[in-house]
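A.B. asks: Chains as they are written, first to last, in my numbering: chain A, 1 to 356; chain B, 1 to 356.
There could be a bad hint or two in this list.
A pair counts as met if it fits within one copy or between any two copies, since identical chains are not told apart.
Restricting the straight-line Cα-Cα distance to at most 25 Å, the calculated cross-link-like pairs of lysine to aspartate or glutamate (DMTMM-like) are [as the list claims (entries may be wrong)]: (1) Lys197 / Asp15; (2) Lys249 / Glu141; (3) Lys74 / Glu218; (4) Lys224 / Asp15; (5) Lys177 / Glu336; (6) Lys249 / Glu218; (7) Lys96 / Asp326; (8) Lys266 / Glu36; (9) Lys204 / Glu218.
FYI, nobody ran anything at the bench for these hints, they're computed from the structure.
Protein chains: 2
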Amino acid sequence: MTQKVRISLDAMGGDHGPSVVIPGAALTLQRRPDAEFIIHGKAEDCLPLLEQHPVLKAVTTFQHADIAIRMDDKPSQALRQGRYKSSMWRALESVKKGEADVAVSAGNTGALMAMSKFCLRTMAQVDRPAIAAIWPTIRGETIVLDVGATIGADARHLVDLAIMGSAMAEIVFGIDKPTVGLLNVGVEEIKGVEEVKSAGRILKEASFPHLSYAGFVEGDDIGKGAVDVVVTEGFAGNIALKTAEGTAKQMATYLRSAMSRTLMAKIGYIFAKGAFAALREKMDPRRANGGVFLGLDGIVIKSHGGADATGFAAAVELGYDMVKHDLLSKIRDSLEVHFPSAAPETAVAAPETPSS
Amino acid sequence: MTQKVRISLDAMGGDHGPSVVIPGAALTLQRRPDAEFIIHGKAEDCLPLLEQHPVLKAVTTFQHADIAIRMDDKPSQALRQGRYKSSMWRALESVKKGEADVAVSAGNTGALMAMSKFCLRTMAQVDRPAIAAIWPTIRGETIVLDVGATIGADARHLVDLAIMGSAMAEIVFGIDKPTVGLLNVGVEEIKGVEEVKSAGRILKEASFPHLSYAGFVEGDDIGKGAVDVVVTEGFAGNIALKTAEGTAKQMATYLRSAMSRTLMAKIGYIFAKGAFAALREKMDPRRANGGVFLGLDGIVIKSHGGADATGFAAAVELGYDMVKHDLLSKIRDSLEVHFPSAAPETAVAAPETPSS
């Protein structure tokens with residue numbers, strides 16, 4: 001085993017494909033000189049670009065793949081057409097074979113998750129995977145999961161999410177014992193579905209050593225940064241994420257129209273231009289780029305499809321950090337402590353069990 | 001039956017009680033001269049205020065109530081202590097007895113919903129009530145329901161929500177056949193829970209005459225104003241609403257801090273002050289005041305607890321409009337058309353069935 005961090009890239013994913021992925025990888029290499037790459041994509045599209053980045057080329061293995069998954073391919077379609085043959089599949093396969101430590105793709109989320117489940121399988125102790133988003137807040141950032149990998153969650157799955165999310169938070173935020181909240185609704189008496197209440201009881205009573213359970217949180221607590229990790233079932237989590245994105249865009253639209261309505265406002269805008277530029281950057285949903293797929297037997301990072309080279313590099317570096325701090329072992333160790341039922345002898349066979 | 005619109009008010013609800021409710025009612029009366037009021041509250045708190053509004057006093061019946069439900073009372077506690085005796089209960093009872101056409105309270109949502117279910121019961125054709133919010137969007141406003149009355153929803157309940165929400169939209173927006181979307185998650189293959197998919201099929205195939213079904217919408221479509229009515233189960237709806245409120249506050253915080261960071265920004269702020277004031281008003285979550293409780297055998301409006309007299313008047317006028325345009329008959333007629341199984345002869349006994 002080398003000490004290098006080996007990163008497998010799907011060069012054909014995202015709105016811009018190799019023209020973003022390859023310069024993005026070059027950027028990462030400047031900042032993470034111990035990275036190595038396996039780049040999967042169409043030779044005719046990738047090799048000329050790779051020539052322009054000789055430093056990157058020197059630490060890259062290029063592997064040609066015939067098929068590129070489109071951004072609007074349905075997961076089943078992507079699996080049918082792209083299994084074994086697409087750059088997305090091959091990027092994951094490099095991790096599966098142990099040739100790479102992490103796979104990064106800006107391709108479509110549904111296809112990437114379907115292929116990840118099929119190719120990498122879920123961890124022995126985890127039933128179902130999750131997507132974790134890094135959510136900008138007033139106080140900094142919060143990890144929110146699941147934002148759409150799996151619909152419906154029993155109490156155990158919510159506890160798994162708490163453990164996986166806090167392992168990720170330790171790495172991303174560099175803190176011990178991140179605070180974890182369970183997303184719920186406010187009205188006392190009907191407080192949430194049974195699964196959420198039951199997960200709350202488990203998290204409270206078990207006093208897990210690697211996380212600090214902070215109780216229920218509500219939708220408006222996410223943006224406040226009330227906790228480091230917000231745990232929720234994937235349907236509600238996806239709706240919360242999309243609603244927040246929509247509201248941020250709505251506010252930006254209001255602001256633009258307010259600033260162009262009167263002459264005074266226009267003059268004010270000219271003076272405050274710098275402040276507005278800073279604000280725009282802060283409100284940019286692409287700023288926090290990179291969803292992390294958790295619960296799989298391998299690390300997979302999803303970059304936003306519309307990311308530029310800087311944005312894609314941020315996603316790659318997120319993956320790099322996960323490898324460097326050994327996310328998978330952290331999760332496995334936490335789960336072993338918390339759920340000793342998943343003892344090593346039974347766990348040996350589990351990776352072969354097909355996931356949902 | 002008089003042609004007047006008879007409005008029953010809980011004067012003790014909200015953060016400010018009668019000092020907002022009574023001036024709010026006076027404001028409404030200026031704009032809706034055919035309104036009459038029954039005001040429920042503590043005589044010592046209300047009567048002196050009522051003296052200050054002689055025009056209102058002339059069309060008001062005042063009824064003393066010993067108990068005021070507190071904003072932090074749990075629903076069960078409120079029911080135990082306040083049933084029959086509180087101003088909140090009495091306000092609802094006026095509707096139940098047929099003395100008023102609508103009840104308005106700024107009291108706590110959980111208590112008001114619990115008492116409404118207990119006092120008014122649900123409509124014959126509806127199993128469970130809902131709370132509808134009026135959500136500001138880029139294009140105007142959208143009705144979103146359920147935002148937290150009921151957790152979990154089967155397909156029939158989602159269809160009920162679509163029918164009730166579109167009846168409300170017809171009145172609030174003054175349009176025929178409002179467009180209705182079902183809130184769902186984006187990934188094609190795993191699109192939503194079974195109930196949402198099944199409700200989508202019913203809405204598509206039945207081609208309901210009073211609404212125009214627009215298919216699934218995602219969280220970010222709400223703020224875009226993609227449809228007139230967004231239908232969702234109460235847990236996800238409550239989380240979406242709270243998340244949007246949190247994000248709006250977060251954006252306002254970013255904006256404030258951006259505008260005070262540099263001298264240039266501060267100068268710009270002075271020029272654009274008018275624009276910022278307009279923007280602040282637009283971003284104010286209290287602007288769209290008044291949740292409507294749907295599915296009950298009576299009209300109940302919940303005003304925001306923090307509303308001022310103007311805000312409370314807006315909630316009262318929302319209730320007035322619902323009465324004037326006969327919301328309950330609209331809903332009942334729609335439901336009869338769509339679900340003829342709830343035929344008049346079987347429906348007669350149904351109001352006696354205790355609701356959940």
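A.B. asks: Taking the hints in turn, state whether each one holds.
C.D. replies: Here is what the structure says about each hint:
no., hint, result
1, Lys197 / Asp15, "neither (41 Å within a copy, 29 Å between copies)"
2, Lys249 / Glu141, "both (19 Å within a copy, 16 Å between copies)"
3, Lys74 / Glu218, "between (33 Å within a copy, 17 Å between copies)"
4, Lys224 / Asp15, "between (32 Å within a copy, 23 Å between copies)"
5, Lys177 / Glu336, "within (17 Å within a copy, 56 Å between copies)"
6, Lys249 / Glu218, "both (21 Å within a copy, 14 Å between copies)"
7, Lys96 / Asp326, "within (16 Å within a copy, 63 Å between copies)"
8, Lys266 / Glu36, "neither (49 Å within a copy, 47 Å between copies)"
9, Lys204 / Glu218, "within (18 Å within a copy, 33 Å between copies)"
This entry does not satisfy hints 1 and 8, going by the numbered hints stated previously.
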